[in-house]
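Put the two chains together into one complex; each comes in its own frame, and the hints tell you how they fit.
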Amino acid sequence: EAGVAQSPRYKIIEKRQSVAFWCNPISGHATLYWYQQILGQGPKLLIQFQNNGVVDDSQLPKDRFSAERLKGVDSTLKIQPAKLEDSAVYLCASSLKDTQYFGPGTRLTVL
Amino acid sequence: AQSVTQLGSHVSVSEGALVLLRCNYSSSVPPYLFWYVQYPNQGLQLLLKYTSAATLVKGINGFEAEFKKSETSFHLTKPSAHMSDAAEYFCAVSDGNAGNMLTFGGGTRLMVKP
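Sequences listed follow chains C and Y, in order. In this text, residue positions in the first sequence follow our numbering: the first is 19, and each later residue adds one. In this text, residue positions in the second sequence follow our numbering: the first is 33, and each later residue adds one.
Just so you know, these hints were derived from the structure itself, not from any lab. Predicted model, so just to flag it, every value in this text is computed and none were measured. Please note that the accuracy of each hint is not assured.
With a Cα cut of at most 25 Å, we get these calculated BS3-like pairs of lysine-lysine [said to hold, decoys possible]:
no. : chain 1 : residue 1 : chain 2 : residue 2
1   : C       : K62       : C       : K101
2   : C       : K115      : Y       : K100
3   : C       : K115      : Y       : K81
Isolated chain Y, as found in the complex (with noise of 0.2 Å):
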C-alpha cells in the first residue's frame, strides 16, 4: 500500500519569499512522484514529476522537487512566490505499475501575502 503525507494544510508565505511545501511518501516498491496544483473551481495540473531518472526534478511555473530516497520525501520549492501562486497543491505517489493509480496527499493551501 502507499501513502502520502503533506505536512501544513496551509502554509503562508511573503511575495519574494521562498516556497517549501513538504511532502512525505511511503512505498514497498520505487516511486513515482508528482505534484499537481488546483486553482479554484478547476481540475488538477500537472507541475513536476519524478519516475526514476534525475532526482532534482523541475517544473512549470519556477516550481521544482528533489526526490530523497533516504528521507522518503519529496519537497517542492520555488525561490521567489509570486502573487499567482496562490493555490492548492498536491502530491501524489503511484509505483508505476497497476495502470499508474495516484493516491493523493491531502493538499496544501498555499497563499501568499503581498
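Same shape as in the complex, but just chain C (with noise of 0.2 Å):
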C-alpha cells in the first residue's frame, strides 16, 4: 500500500514569494491533515479535511495560509506571502479511522 506522498520535498523563497505544497493522502482516507513543524517542536495542526470539507482551521493563519482539497482526494496548502517565521516543515497526514499517517514532509526555508 502506498503511503502519503508529498511534494516538493525541499522549497526555499524569498519572504514575500508565494509558494505551494501538494499532499497525495492514502487511498481511501477520507482524512486529511496539515501540519507545520518548527525546528526542534512537535508538530502543530494547521487545518483538518474530512473529505472536501473543512473540520477544524483554527490554527491556520488565514491571512497569509490557505488550504483546499478539491475533490476529497489530493490537497494543496498555499502560503502567500511568505514570512521569515513560516521557515519549518509542511507535513501531511492523512486517516481513516484513529490513527495517522504522516507522508515525508516538505521543508520549508524563507530567507
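Set out below in C-alpha cells:
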C-alpha cells in the first residue's frame, strides 16, 4: 500500500514570495491533515479536512495561509506572502479511523 | 483541551541499555495515546498506540508503552537500545473523536552511544 506522498521535498524562497505544497493521501482515507513542524518542536495542526470539507482550521493563519482539498483526495497548502517565521517542515497526514499516517514532509526555508 | 509533556528534550543511553522516554498527558476525556518516531529528513512513523484496550501496548522495533491513568502517563520503553534507535520521538494525544486531532509533545531526541 502506497503511503502519503508530498511534493516538493524541499523549497527555498525569499520572504514575501508565495509557495504551494501538494499532498496525496493514502487511498481511501477520508481525513487529511496539514501540520507545521518548526525546528525543535512537535508538529502543530494547521487544518483538517473530512473529504473535501474543513473540520478545523482554527490554527491556520488565514491572512497568509490557505488550503483546499478538491474532490476529497489531493490537497494543496499555499502561503502568500511568506514570512521568515514560516520556515518549517510542513507535514501532511491522512487517516481512516483513529491512526494518522504521515508523509515525508516539505522543508520550507524562507530567506 | 489536551496537552502533552515530554520530560527531557534529549536522552542519551549506551547501546544495550534500557530506553525510557517519558510522556505525561492531560485530557478531559478518555484519551487515545500515540508514540511516533522521526528519523532525520523523514516524516513521522507510528511506533504504537493505546486506544482503550490493553494498558500495556507493544509496538514495532521492540518498543512498548504502558498507559497509567492514575499517573496520566504513557512512557515508552525498550529493554535494549540499538544504534538504529537514535531518532526523535514524539508522544501525542487525541480524544478519539472530533476527527482524532492530535496534540503533540515537544519531542525527545534519543542518542545511543556505542
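Self-check item: Hint check, failures only
Solution: When the structure is compared with the hints, none of them turns out to be violated.
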